[in-house]
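As you go down the protein sequences, you meet chains A and B in turn.
For the record, in the first sequence the residue sitting at position 258 is 258 according to the numbering used here, with numbers rising by one throughout.
For the record, in the second sequence the residue sitting at position 51 is 51 according to the numbering used here, with numbers rising by one throughout.
Rather than coming from a laboratory, the hints here were simulated on the basis of the structure.
All values derive from a computational prediction rather than experimental measurement.
Not everything, but these chain B residues come out facing chain A in the computed CB check (under 10 angstroms):
| # | residue |
| --- | --- |
| 1 | G24 |
| 2 | E114 |
| 3 | Q118 |
A short list of chain A residues far from chain B (calculated; beta carbon distances all over 12 angstroms):
| # | residue |
| --- | --- |
| 4 | I58 |
| 5 | G71 |
| 6 | H205 |
| 7 | F307 |
| 8 | A423 |
| 9 | L428 |
| 10 | F446 |
| 11 | W460 |
| 12 | L463 |
Chain A stretches covered by chain B per the calculated footprint, using a threshold of three residues with CB under 8 angstroms from any CB of chain B:
| # | segment |
| --- | --- |
| 13 | 150-161 |
| 14 | 167-173 |
| 15 | 180-188 |
We put the beta carbon where it would ideally sit given N, CA and C, even for glycine.
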Amino acid sequence: MSSPLGELIRENLPALQVILPMIMAPVCVLVRHRTVAWFLAVAVTWTTFAISLALLQIVRAHGLISYAMGGWEAPWGIELRIEPVNAFVLLIVSGISAVVLSAARRSFEEEIPRDRLYLLYAAFLLCETGLLGMAGAGDAFNVFVFLEISSLATYAMIAMGPHRRALTSAFRYLVMGTVGGTFILFGIGLLYMVTGTLNIEDLHHRLQAIDADRTVLVALVCVLIGTSIKLALLPLGAWLPNAYTFAPSAVTAFLAATATKVAFYVMARFVYRIFGADLAFERFHIDSVLMPLALIAMFLGAALAIFERDVKRLLAYSSLSQIGYMVLGLSLASVTGLTGGIVHLFNHALMKSGLFLVMACAAYRIGSTRLSALRGLGKRMPITAATFVAGGLAMIGVPLTAGFVSKWYLVKGALENDLWPVALLVLLSSLLAVIYVWKVVEVFYFQEPPEEAGRQEAPWSMLLPTMFLIGASLYFGIFTDGTVGIAEWSARELLGGAP
Amino acid sequence: METIVSNFLGLYNYWAVVVLMMMGLYVLTAERNLVKKVIGLNIFQMSVIMFYISMAKIKDGTAPIIVDGARDTVYSNPLPHVLMLTAIVVGIGTTALALALVVRIHEEFGTIEEDEIQEQEGRG
Chain A
1 MSSPLGELIR
11 ENLPALQVIL
21 PMIMAPVCVL
31 VRHRTVAWFL
41 AVAVTWTTFA
51 ISLALLQIVR
61 AHGLISYAMG
71 GWEAPWGIEL
81 RIEPVNAFVL
91 LIVSGISAVV
101 LSAARRSFEE
111 EIPRDRLYLL
121 YAAFLLCETG
131 LLGMAGAGDA
141 FNVFVFLEIS
151 SLATYAMIAM
161 GPHRRALTSA
171 FRYLVMGTVG
181 GTFILFGIGL
191 LYMVTGTLNI
201 EDLHHRLQAI
211 DADRTVLVAL
221 VCVLIGTSIK
231 LALLPLGAWL
241 PNAYTFAPSA
251 VTAFLAATAT
261 KVAFYVMARF
271 VYRIFGADLA
281 FERFHIDSVL
291 MPLALIAMFL
301 GAALAIFERD
311 VKRLLAYSSL
321 SQIGYMVLGL
331 SLASVTGLTG
341 GIVHLFNHAL
351 MKSGLFLVMA
361 CAAYRIGSTR
371 LSALRGLGKR
381 MPITAATFVA
391 GGLAMIGVPL
401 TAGFVSKWYL
411 VKGALENDLW
421 PVALLVLLSS
431 LLAVIYVWKV
441 VEVFYFQEPP
451 EEAGRQEAPW
461 SMLLPTMFLI
471 GASLYFGIFT
481 DGTVGIAEWS
491 ARELLGGAP
Chain B
1 METIVSNFLG
11 LYNYWAVVVL
21 MMMGLYVLTA
31 ERNLVKKVIG
41 LNIFQMSVIM
51 FYISMAKIKD
61 GTAPIIVDGA
71 RDTVYSNPLP
81 HVLMLTAIVV
91 GIGTTALALA
101 LVVRIHEEFG
111 TIEEDEIQEQ
121 EGRG
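In isolation and in its complexed conformation, chain A is listed as follows (with noise of 0.2 angstroms):
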């Protein structure tokens, strides 16, 4: 890396990442080839994920990068800005894209009609530019910006899903998305009324030396509304569910594990960055609303998954319950809680989008993800269902499993916080998770197959990064080092300031 090229290409690391899945969006449109665009798309993203890693490392040696665009220096120009925190989910967000795009090929020619495939690698990559621009502005008009481009073209891949009830759930998405997506742009505005500027860490500097108003608490409310909608927190998820069981399954897998989780941490990075913790707890006490609401939806979304019988909906109900852990790690407002939500974060990244894409093997062999349709799946597609096993497992968060880690912070905040009932609380709702995986494990292992279906497998090509990504989430159980060092790491910064 001494050599002038290695030391221009390390200098704007940060800037390709966001800008080379950008380009190769249209280049994808302009081959209107599906396996070229497919192996393009599929090149960026693992690109994508080496940059991360190596911004992770760089992050790690240095502190914090401050990128300024076009050379414009922050506060007045614009600026990307990886810490620690965003370093992580930048990460997370640039490794599943490669992994679950590795995987689609033969799930999207199943499912999506040949011709048009390009199209939605394409807008893969641009959900991707998207996600990565929210992880990485450190400017909050760029975060709204970037969310809008993430939000579209989630939209147009959620539509292309072969049922024609994609369509209905992606325009109620786009109607939720849109309202949420300004709710956001409102708040921005008001805090730009109040203090004149747009770059996070110049908003928290100028906040706290102001006495905050009504504006301020305003402010708050929108930017809380608008990523609740998008990190679908209940009572404002409820696009969630028909989003994903309609989606192209390798899509519900890339969504699951990104989407949320962005969302999440733009939530954090909010709060916590620009308002501060001493002003959005100390203060305005959101954690009076956020708290309840996590739990709610910790129990609902569990509650909802014990009763449906299409898998690919009880996961997505699942997920409503998982956001529930997050943002109760959030409202705990201390650097255990803060550390069990960012670790959960990562970890159900991994294990949702691993037991998404069992899923998408299974809608490829049979066609349906619904219960009736799997019975006997243990016999039919034997590494496909114990995958699910696997996955199902750490997500009630047995111990050696990576749920184990993150629930196991979150109940050590609450205790630390003196709140032993929301520590009882996280214990029973893993209970309802072993309902309903334990519900599934059943039909795949204890009903007989039906009597035409033979032994087949889901091809290698689906099945190897589907059970990489289910094994990092066992391996991140038993080496929690790496995982909960960053996490906390970032919790520390997030609550105290200066890294």
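Add chain B to chain A, keeping to what the hints say.
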């Protein structure tokens, strides 16, 4: 009484923002026709755009162009205008996509009335 009048008249564009915003939200939740929902969404977005533009206005402010010789000119804040250019583009993108979806929904369901669509969805 006087303060109420001056509050209302002095800040009339902000009142318009609030009224438009609520109108937009009402239309997009209460209307059952998908195109009308899109219109509601547009009204909602436009209210925020108007909010930004109002906040950029400075009394007696003029367009922010530096002219030789003019010294004590007061300029309006150009930044919110620029931001809103982007927001308008985003709004157009959203509307275009929403309308495209409505067209596809009409092709598949034969209707754009939400009640009728839900009835068909209920049948599977």
